[in-house]
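**Student:** Sequence:
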Amino acid sequence: MRIANRLWVRLSLAFGSVFVMSGVIIAITSSVLAGPRNAQGVISDEINRPDGLVSQLQEYYQTHDGWTGIENFWTEHPNVIWLGADGNLTLSVTDLDGVIISGTQIGRKLTDQQLKDTVPIVVDGQPRGYLLFERVTLRPPNNPNGVMLQRLTETLINVLVIVGLVSIFAGIWTSRSLTAPLTRLAEAARSIGAQRRYVQVKVEGAAEIKQVAHAFNEMTKELERAEQLRRNLVADVAHELRTPLTVLQGNLQAVLDDVYPLEKAEISKLYDQTRVLSRLVSDLHELSQAEASKLSLNKQPVDLTKLVNAQVETFSALAEQEHIGLSADVPTQPLVVSGDPTRLSQVLSNLIANALAHTPAEGSIQVSLVPEPTALTIRVKDSGEGISPEHLPHVFERFYRADPSRNRQTGGAGLGLAIARAFTEAHGGSISAASEGRAGAGSTFTIRLPRLQEKSV
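Note that my numbering has the sequence shown beginning at 1, numbered continuously upward.
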(Lines of atoms letter the chains of each structure in order from A and count residues from 1; the text may use other names and numbers.)
(Lines give C-alpha, C1' and ligand atoms only; values in the text may rest on other atoms or scores of the structure.)
Protein backbone atom coordinates (compact mmCIF):
# COMPACT_ATOMS: atom_id res chain seq x y z
CA MET A 1 0.00 0.00 0.00
CA ARG A 2 1.42 3.39 -0.99
CA ILE A 3 2.06 5.61 2.02
CA ALA A 4 0.19 8.49 0.32
CA ASN A 5 -2.99 6.42 0.46
CA ARG A 6 -2.87 6.01 4.22
CA LEU A 7 -5.51 7.90 6.14
CA TRP A 8 -3.12 9.44 8.66
CA VAL A 9 -0.97 10.82 5.82
CA ARG A 10 -4.01 12.32 4.11
CA LEU A 11 -5.22 13.86 7.37
CA SER A 12 -1.75 15.31 8.00
CA LEU A 13 -1.67 16.75 4.48
CA ALA A 14 -5.12 18.21 5.08
CA PHE A 15 -3.90 19.89 8.27
CA GLY A 16 -0.86 21.22 6.38
CA SER A 17 -2.99 22.51 3.52
CA VAL A 18 -5.25 24.38 5.91
CA PHE A 19 -2.20 25.90 7.58
CA VAL A 20 -0.65 26.98 4.26
CA MET A 21 -3.91 28.48 3.02
CA SER A 22 -4.35 30.35 6.30
CA GLY A 23 -0.82 31.72 6.04
CA VAL A 24 -1.35 32.88 2.46
CA ILE A 25 -4.63 34.59 3.36
CA ILE A 26 -3.02 36.31 6.36
CA ALA A 27 -0.06 37.44 4.24
CA ILE A 28 -2.28 38.85 1.50
CA THR A 29 -4.53 40.58 4.02
CA SER A 30 -1.54 42.07 5.84
CA SER A 31 -0.03 43.28 2.58
CA VAL A 32 -3.27 44.99 1.62
CA LEU A 33 -3.69 46.54 5.04
CA ALA A 34 -0.10 47.80 5.01
CA GLY A 35 -0.34 49.26 1.50
CA PRO A 36 -0.01 53.00 0.75
CA ARG A 37 -3.73 53.70 0.64
CA ASN A 38 -4.34 52.09 3.97
CA ALA A 39 -1.23 53.73 5.41
CA GLN A 40 -2.60 57.10 4.25
CA GLY A 41 -5.80 56.37 6.14
CA VAL A 42 -3.89 55.28 9.24
CA ILE A 43 -1.86 58.52 9.27
CA SER A 44 -4.99 60.65 8.75
CA ASP A 45 -6.65 58.98 11.69
CA GLU A 46 -3.52 59.40 13.76
CA ILE A 47 -3.09 63.16 13.21
CA ASN A 48 -6.81 63.93 13.56
CA ARG A 49 -7.41 62.10 16.82
CA PRO A 50 -8.37 64.31 19.84
CA ASP A 51 -4.81 64.51 21.17
CA GLY A 52 -3.16 64.19 17.77
CA LEU A 53 -0.97 66.51 15.76
CA VAL A 54 -3.77 68.79 14.48
CA SER A 55 -4.94 69.35 18.05
CA GLN A 56 -1.43 70.18 19.16
CA LEU A 57 -1.02 72.69 16.30
CA GLN A 58 -4.36 74.29 17.16
CA GLU A 59 -3.24 74.62 20.76
CA TYR A 60 0.11 76.08 19.61
CA TYR A 61 -1.66 78.71 17.49
CA GLN A 62 -3.91 79.73 20.39
CA THR A 63 -1.05 79.82 22.87
CA HIS A 64 1.26 81.92 20.66
CA ASP A 65 -1.53 83.93 19.06
CA GLY A 66 -0.24 82.92 15.66
CA TRP A 67 2.51 80.89 14.05
CA THR A 68 5.41 82.75 15.64
CA GLY A 69 8.29 80.29 16.24
CA ILE A 70 6.46 77.40 14.51
CA GLU A 71 9.73 76.44 12.79
CA ASN A 72 10.90 75.06 16.17
CA PHE A 73 7.74 72.99 16.71
CA TRP A 74 9.21 69.74 15.40
CA THR A 75 12.25 69.87 17.67
CA GLU A 76 9.99 70.43 20.66
CA HIS A 77 7.65 67.61 19.63
CA PRO A 78 9.82 64.78 18.22
CA ASN A 79 7.19 62.01 18.71
CA VAL A 80 4.05 63.69 17.58
CA ILE A 81 3.16 60.81 15.27
CA TRP A 82 3.80 57.10 15.80
CA LEU A 83 5.48 56.54 12.41
CA GLY A 84 8.25 58.98 13.13
CA ALA A 85 11.24 59.30 10.81
CA ASP A 86 11.33 55.57 10.07
CA GLY A 87 8.19 55.97 8.06
CA ASN A 88 9.90 58.29 5.49
CA LEU A 89 7.22 60.89 6.31
CA THR A 90 7.68 64.65 5.79
CA LEU A 91 5.38 66.93 7.84
CA SER A 92 5.00 70.66 7.07
CA VAL A 93 2.82 73.56 8.25
CA THR A 94 1.68 76.21 5.79
CA ASP A 95 -0.06 79.52 6.26
CA LEU A 96 -3.41 80.35 4.67
CA ASP A 97 -1.68 81.15 1.37
CA GLY A 98 -0.15 77.68 1.16
CA VAL A 99 3.42 78.85 1.91
CA ILE A 100 5.40 76.42 4.09
CA ILE A 101 6.31 78.11 7.36
CA SER A 102 7.56 75.06 9.25
CA GLY A 103 9.27 71.95 7.89
CA THR A 104 12.13 71.06 5.60
CA GLN A 105 11.21 73.38 2.70
CA ILE A 106 10.25 76.66 4.38
CA GLY A 107 9.07 79.27 1.89
CA ARG A 108 7.86 76.79 -0.75
CA LYS A 109 4.36 77.57 -1.98
CA LEU A 110 2.06 74.62 -2.51
CA THR A 111 0.18 74.12 -5.74
CA ASP A 112 -3.59 74.05 -5.73
CA GLN A 113 -3.52 70.24 -6.07
CA GLN A 114 -1.09 69.89 -3.16
CA LEU A 115 -3.24 72.25 -1.10
CA LYS A 116 -6.23 69.93 -1.61
CA ASP A 117 -4.30 67.09 0.05
CA THR A 118 -3.57 69.06 3.23
CA VAL A 119 -5.42 68.97 6.54
CA PRO A 120 -6.82 72.34 7.63
CA ILE A 121 -5.90 73.68 11.07
CA VAL A 122 -9.08 75.35 12.36
CA VAL A 123 -9.06 77.72 15.33
CA ASP A 124 -12.23 79.45 16.56
CA GLY A 125 -14.07 78.13 13.54
CA GLN A 126 -11.66 79.67 11.03
CA PRO A 127 -8.81 78.00 9.07
CA ARG A 128 -5.45 79.30 10.35
CA GLY A 129 -3.14 77.14 8.30
CA TYR A 130 -2.69 73.72 6.78
CA LEU A 131 -0.81 70.55 7.68
CA LEU A 132 0.93 68.75 4.83
CA PHE A 133 2.28 65.20 5.00
CA GLU A 134 4.17 63.96 1.98
CA ARG A 135 5.77 60.75 0.68
CA VAL A 136 3.37 58.50 2.58
CA THR A 137 4.68 55.38 0.85
CA LEU A 138 6.31 53.71 3.85
CA ARG A 139 9.23 52.82 1.55
CA PRO A 140 12.78 53.96 2.38
CA PRO A 141 14.80 54.92 -0.72
CA ASN A 142 16.94 51.77 -0.88
CA ASN A 143 14.32 49.25 0.35
CA PRO A 144 11.60 47.89 -1.95
CA ASN A 145 9.40 46.93 0.99
CA GLY A 146 7.86 49.34 3.38
CA VAL A 147 9.09 49.39 6.96
CA MET A 148 5.73 48.52 8.43
CA LEU A 149 5.16 45.78 5.84
CA GLN A 150 8.70 44.50 6.37
CA ARG A 151 8.34 44.33 10.12
CA LEU A 152 4.89 42.79 9.80
CA THR A 153 6.20 40.24 7.30
CA GLU A 154 9.11 39.29 9.52
CA THR A 155 6.84 38.86 12.50
CA LEU A 156 4.32 36.95 10.40
CA ILE A 157 6.99 34.59 9.06
CA ASN A 158 8.25 33.84 12.57
CA VAL A 159 4.73 33.21 13.80
CA LEU A 160 3.90 31.05 10.79
CA VAL A 161 7.02 28.93 11.20
CA ILE A 162 6.33 28.30 14.88
CA VAL A 163 2.62 27.70 14.37
CA GLY A 164 3.36 25.61 11.26
CA LEU A 165 5.71 23.26 13.08
CA VAL A 166 3.29 22.90 15.98
CA SER A 167 0.40 22.32 13.57
CA ILE A 168 2.28 19.71 11.56
CA PHE A 169 3.32 17.72 14.64
CA ALA A 170 -0.15 18.10 16.15
CA GLY A 171 -1.72 17.02 12.85
CA ILE A 172 0.50 13.94 12.59
CA TRP A 173 -0.15 13.00 16.24
CA THR A 174 -3.90 13.56 15.88
CA SER A 175 -4.04 11.65 12.60
CA ARG A 176 -2.11 8.69 13.99
CA SER A 177 -4.30 8.70 17.11
CA LEU A 178 -7.43 8.65 14.96
CA THR A 179 -6.24 5.93 12.61
CA ALA A 180 -4.48 3.62 15.09
CA PRO A 181 -7.76 1.96 16.25
CA LEU A 182 -8.76 1.49 12.60
CA THR A 183 -5.42 -0.20 11.91
CA ARG A 184 -5.99 -2.59 14.80
CA LEU A 185 -9.49 -3.28 13.49
CA ALA A 186 -8.05 -4.14 10.08
CA GLU A 187 -5.49 -6.50 11.64
CA ALA A 188 -8.20 -8.21 13.69
CA ALA A 189 -10.39 -8.59 10.60
CA ARG A 190 -7.49 -10.15 8.67
CA SER A 191 -6.86 -12.59 11.51
CA ILE A 192 -10.49 -13.71 11.33
CA GLY A 193 -10.23 -14.40 7.62
CA ALA A 194 -6.79 -16.04 7.69
CA GLN A 195 -6.62 -17.87 11.03
CA ARG A 196 -10.27 -18.17 12.10
CA ARG A 197 -9.34 -16.39 15.32
CA TYR A 198 -12.27 -14.41 16.70
CA VAL A 199 -10.28 -11.72 18.49
CA GLN A 200 -11.69 -8.75 20.36
CA VAL A 201 -10.32 -5.25 19.83
CA LYS A 202 -9.93 -2.53 22.42
CA VAL A 203 -12.77 0.00 22.33
CA GLU A 204 -10.98 3.36 22.11
CA GLY A 205 -10.70 6.52 20.04
CA ALA A 206 -13.42 8.88 18.88
CA ALA A 207 -17.09 8.09 19.51
CA GLU A 208 -17.66 6.89 15.94
CA ILE A 209 -14.59 4.62 16.05
CA LYS A 210 -15.74 3.24 19.42
CA GLN A 211 -19.07 2.37 17.81
CA VAL A 212 -17.26 0.56 14.99
CA ALA A 213 -15.05 -1.32 17.49
CA HIS A 214 -18.06 -2.29 19.59
CA ALA A 215 -19.93 -3.49 16.50
CA PHE A 216 -16.83 -5.45 15.42
CA ASN A 217 -16.59 -7.16 18.81
CA GLU A 218 -20.28 -8.05 18.68
CA MET A 219 -19.77 -9.41 15.17
CA THR A 220 -16.85 -11.60 16.22
CA LYS A 221 -18.88 -12.97 19.13
CA GLU A 222 -21.71 -13.87 16.77
CA LEU A 223 -19.27 -15.38 14.26
CA GLU A 224 -17.65 -17.47 16.97
CA ARG A 225 -21.05 -18.59 18.20
CA ALA A 226 -22.18 -19.39 14.64
CA GLU A 227 -18.99 -21.38 14.04
CA GLN A 228 -19.57 -23.33 17.23
CA LEU A 229 -23.17 -23.98 16.25
CA ARG A 230 -22.02 -25.18 12.84
CA ARG A 231 -19.59 -27.61 14.42
CA ASN A 232 -22.23 -28.78 16.85
CA LEU A 233 -24.69 -29.21 13.99
CA VAL A 234 -22.29 -31.37 12.00
CA ALA A 235 -21.51 -33.46 15.08
CA ASP A 236 -25.18 -33.76 16.07
CA VAL A 237 -26.34 -34.70 12.58
CA ALA A 238 -23.60 -37.34 12.39
CA HIS A 239 -24.62 -38.63 15.81
CA GLU A 240 -28.33 -38.73 14.98
CA LEU A 241 -27.71 -40.53 11.70
CA ARG A 242 -25.21 -42.97 13.17
CA THR A 243 -27.67 -44.72 15.46
CA PRO A 244 -30.32 -45.79 12.92
CA LEU A 245 -27.65 -46.53 10.32
CA THR A 246 -25.78 -48.73 12.81
CA VAL A 247 -28.98 -50.58 13.63
CA LEU A 248 -29.76 -51.05 9.93
CA GLN A 249 -26.24 -52.19 9.14
CA GLY A 250 -26.08 -54.61 12.08
CA ASN A 251 -29.48 -56.17 11.44
CA LEU A 252 -28.85 -56.52 7.71
CA GLN A 253 -25.49 -58.14 8.42
CA ALA A 254 -27.18 -60.49 10.85
CA VAL A 255 -29.76 -61.42 8.19
CA LEU A 256 -26.99 -62.04 5.65
CA ASP A 257 -25.15 -64.23 8.18
CA ASP A 258 -28.39 -66.15 8.88
CA VAL A 259 -28.34 -64.97 12.50
CA TYR A 260 -31.81 -63.41 12.03
CA PRO A 261 -34.37 -65.05 9.79
CA LEU A 262 -35.64 -62.93 6.86
CA GLU A 263 -39.16 -62.50 8.21
CA LYS A 264 -41.69 -59.71 8.19
CA ALA A 265 -41.08 -58.94 11.87
CA GLU A 266 -37.38 -58.31 11.21
CA ILE A 267 -38.12 -56.32 8.05
CA SER A 268 -40.57 -54.21 10.09
CA LYS A 269 -37.79 -53.30 12.53
CA LEU A 270 -35.57 -52.26 9.66
CA TYR A 271 -38.43 -50.23 8.16
CA ASP A 272 -38.91 -48.39 11.46
CA GLN A 273 -35.27 -47.31 11.35
CA THR A 274 -35.69 -45.98 7.81
CA ARG A 275 -38.69 -43.97 9.01
CA VAL A 276 -36.52 -42.48 11.75
CA LEU A 277 -33.95 -41.46 9.15
CA SER A 278 -36.62 -40.10 6.83
CA ARG A 279 -38.21 -38.04 9.62
CA LEU A 280 -34.86 -36.65 10.70
CA VAL A 281 -33.92 -35.63 7.14
CA SER A 282 -37.39 -34.13 6.59
CA ASP A 283 -37.18 -32.12 9.82
CA LEU A 284 -33.73 -30.78 8.92
CA HIS A 285 -34.91 -29.85 5.44
CA GLU A 286 -37.97 -27.97 6.71
CA LEU A 287 -35.92 -26.26 9.40
CA SER A 288 -33.30 -25.06 6.92
CA GLN A 289 -36.04 -23.85 4.55
CA ALA A 290 -37.74 -21.89 7.34
CA GLU A 291 -34.49 -20.32 8.56
CA ALA A 292 -33.65 -19.30 4.97
CA SER A 293 -37.14 -17.72 4.60
CA LYS A 294 -37.90 -20.16 1.77
CA LEU A 295 -40.53 -22.27 3.54
CA SER A 296 -43.69 -22.56 1.45
CA LEU A 297 -46.77 -21.55 3.44
CA ASN A 298 -50.35 -22.15 2.35
CA LYS A 299 -51.71 -19.13 4.19
CA GLN A 300 -55.41 -18.82 4.90
CA PRO A 301 -57.62 -17.65 7.79
CA VAL A 302 -57.07 -20.06 10.70
CA ASP A 303 -59.30 -20.20 13.77
CA LEU A 304 -56.90 -20.79 16.64
CA THR A 305 -59.81 -21.71 18.93
CA LYS A 306 -60.53 -24.78 16.80
CA LEU A 307 -56.85 -25.52 16.24
CA VAL A 308 -56.02 -25.54 19.99
CA ASN A 309 -59.04 -27.70 20.83
CA ALA A 310 -58.15 -30.15 18.06
CA GLN A 311 -54.52 -30.56 19.20
CA VAL A 312 -55.51 -30.99 22.84
CA GLU A 313 -58.02 -33.64 21.81
CA THR A 314 -55.34 -35.40 19.70
CA PHE A 315 -52.99 -35.73 22.69
CA SER A 316 -55.69 -36.49 25.27
CA ALA A 317 -55.38 -40.28 24.94
CA LEU A 318 -51.59 -40.19 25.31
CA ALA A 319 -51.85 -37.83 28.29
CA GLU A 320 -54.41 -40.11 29.95
CA GLN A 321 -52.14 -43.10 29.37
CA GLU A 322 -49.29 -41.25 31.11
CA HIS A 323 -51.66 -40.13 33.92
CA ILE A 324 -51.14 -36.47 33.04
CA GLY A 325 -53.95 -33.95 33.05
CA LEU A 326 -54.24 -32.12 29.73
CA SER A 327 -56.75 -29.28 29.40
CA ALA A 328 -57.58 -26.36 27.13
CA ASP A 329 -58.60 -22.88 28.23
CA VAL A 330 -59.84 -21.06 25.13
CA PRO A 331 -62.62 -18.54 24.44
CA THR A 332 -65.79 -19.70 22.75
CA GLN A 333 -65.69 -17.16 19.90
CA PRO A 334 -63.46 -17.66 16.86
CA LEU A 335 -60.00 -16.04 17.07
CA VAL A 336 -58.46 -15.80 13.63
CA VAL A 337 -54.92 -15.42 12.28
CA SER A 338 -53.52 -15.69 8.77
CA GLY A 339 -51.34 -18.79 8.49
CA ASP A 340 -50.73 -22.29 7.27
CA PRO A 341 -52.94 -24.58 9.40
CA THR A 342 -50.62 -27.56 8.92
CA ARG A 343 -47.52 -25.65 10.05
CA LEU A 344 -49.31 -24.03 12.99
CA SER A 345 -50.68 -27.41 14.06
CA GLN A 346 -47.12 -28.79 13.94
CA VAL A 347 -45.86 -25.93 16.14
CA LEU A 348 -48.51 -26.56 18.81
CA SER A 349 -48.07 -30.34 18.47
CA ASN A 350 -44.32 -30.01 19.13
CA LEU A 351 -44.93 -27.88 22.23
CA ILE A 352 -47.54 -30.27 23.69
CA ALA A 353 -45.35 -33.30 22.93
CA ASN A 354 -42.40 -31.56 24.60
CA ALA A 355 -44.53 -30.79 27.67
CA LEU A 356 -45.70 -34.43 27.90
CA ALA A 357 -42.10 -35.65 27.68
CA HIS A 358 -41.04 -33.47 30.64
CA THR A 359 -44.09 -33.77 32.89
CA PRO A 360 -44.20 -36.65 35.38
CA ALA A 361 -47.27 -38.75 36.16
CA GLU A 362 -50.02 -36.95 38.07
CA GLY A 363 -48.77 -33.69 36.59
CA SER A 364 -50.79 -31.28 34.48
CA ILE A 365 -50.55 -29.40 31.20
CA GLN A 366 -52.74 -26.45 30.30
CA VAL A 367 -53.02 -24.95 26.83
CA SER A 368 -54.57 -21.46 26.87
CA LEU A 369 -55.49 -18.98 24.15
CA VAL A 370 -55.52 -15.30 25.13
CA PRO A 371 -56.75 -12.56 22.76
CA GLU A 372 -54.88 -9.24 22.66
CA PRO A 373 -55.63 -6.07 20.65
CA THR A 374 -53.16 -6.84 17.86
CA ALA A 375 -52.10 -10.43 18.54
CA LEU A 376 -53.25 -13.83 19.78
CA THR A 377 -51.21 -15.57 22.46
CA ILE A 378 -51.03 -19.33 22.97
CA ARG A 379 -49.46 -20.58 26.21
CA VAL A 380 -48.48 -24.17 26.95
CA LYS A 381 -47.82 -24.47 30.68
CA ASP A 382 -46.76 -27.71 32.38
CA SER A 383 -45.96 -28.74 35.95
CA GLY A 384 -42.87 -30.69 35.01
CA GLU A 385 -39.24 -30.53 35.97
CA GLY A 386 -38.68 -27.03 34.60
CA ILE A 387 -35.68 -25.62 32.77
CA SER A 388 -32.62 -24.36 34.62
CA PRO A 389 -31.51 -20.76 33.88
CA GLU A 390 -28.32 -21.82 32.08
CA HIS A 391 -30.30 -23.95 29.62
CA LEU A 392 -33.21 -21.55 29.05
CA PRO A 393 -31.51 -19.36 26.36
CA HIS A 394 -30.65 -22.46 24.28
CA VAL A 395 -33.87 -24.48 24.28
CA PHE A 396 -34.78 -23.41 20.72
CA GLU A 397 -31.41 -24.40 19.23
CA ARG A 398 -31.04 -27.45 16.98
CA PHE A 399 -30.26 -30.76 18.70
CA TYR A 400 -30.16 -29.06 22.07
CA ARG A 401 -31.23 -31.14 25.06
CA ALA A 402 -31.32 -29.67 28.55
CA ASP A 403 -30.71 -33.15 29.95
CA PRO A 404 -27.66 -34.68 28.20
CA SER A 405 -28.63 -38.13 29.50
CA ARG A 406 -31.79 -38.16 27.35
CA ASN A 407 -31.29 -40.09 24.12
CA ARG A 408 -33.26 -39.91 20.90
CA GLN A 409 -35.80 -42.43 22.10
CA THR A 410 -36.55 -40.58 25.35
CA GLY A 411 -35.69 -37.02 24.38
CA GLY A 412 -36.24 -36.87 20.63
CA ALA A 413 -33.75 -35.54 18.11
CA GLY A 414 -33.76 -32.08 19.67
CA LEU A 415 -35.38 -30.46 16.62
CA GLY A 416 -38.97 -29.98 17.81
CA LEU A 417 -38.53 -26.62 19.55
CA ALA A 418 -36.19 -25.35 16.81
CA ILE A 419 -38.86 -26.16 14.22
CA ALA A 420 -41.54 -24.53 16.39
CA ARG A 421 -39.53 -21.29 16.51
CA ALA A 422 -38.71 -21.32 12.79
CA PHE A 423 -42.35 -21.94 11.77
CA THR A 424 -43.66 -19.30 14.20
CA GLU A 425 -41.23 -16.65 12.92
CA ALA A 426 -42.14 -17.60 9.34
CA HIS A 427 -45.70 -16.48 10.24
CA GLY A 428 -44.43 -13.14 11.56
CA GLY A 429 -44.86 -14.23 15.17
CA SER A 430 -42.58 -14.92 18.12
CA ILE A 431 -42.05 -17.73 20.61
CA SER A 432 -40.44 -17.68 24.04
CA ALA A 433 -39.85 -19.92 27.04
CA ALA A 434 -40.00 -19.13 30.74
CA SER A 435 -39.26 -21.28 33.78
CA GLU A 436 -38.37 -20.90 37.43
CA GLY A 437 -35.88 -23.74 37.05
CA ARG A 438 -37.25 -25.97 39.83
CA ALA A 439 -39.18 -29.23 39.80
CA GLY A 440 -42.93 -28.82 40.03
CA ALA A 441 -42.89 -25.22 38.82
CA GLY A 442 -42.68 -26.44 35.24
CA SER A 443 -42.21 -24.33 32.14
CA THR A 444 -44.33 -22.01 30.03
CA PHE A 445 -43.95 -21.68 26.26
CA THR A 446 -45.64 -18.64 24.71
CA ILE A 447 -46.52 -18.09 21.05
CA ARG A 448 -47.66 -14.68 19.78
CA LEU A 449 -49.16 -14.40 16.27
CA PRO A 450 -50.45 -11.29 14.47
CA ARG A 451 -54.20 -11.12 14.69
CA LEU A 452 -56.73 -10.71 11.89
CA GLN A 453 -60.11 -9.10 12.21
CA GLU A 454 -62.39 -11.48 14.05
CA LYS A 455 -64.75 -13.41 11.82
CA SER A 456 -66.21 -16.83 11.46
CA VAL A 457 -64.25 -19.40 9.57
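Heads up, a few of these hints could be off.
Stated by the list, open to error - Simulated crosslink set (PhoX-like; lysine-lysine; CA at most 25 Å straight-line):
#1 K381 / K306
#2 K221 / K202
#3 K210 / K221
Rather than coming from a laboratory, the hints here were simulated on the basis of the structure.
**Student:** Each hint should be assessed against the structure and marked as holding or not.
**Tutor:** Cross-check of the supplied hints:
Proximity of K381 to K306 is assessed by CA-CA distance (about 19 Å); at most 25 Å being required, the pair is judged to hold. Among the hinted pairs, K221 with K202 is consistent with the structure: their alpha-carbon atoms are about 14 Å apart, no more than 25 Å. For the hint linking K210 to K221, the alpha-carbon distance of about 17 Å falls within 25 Å, and the restraint holds.
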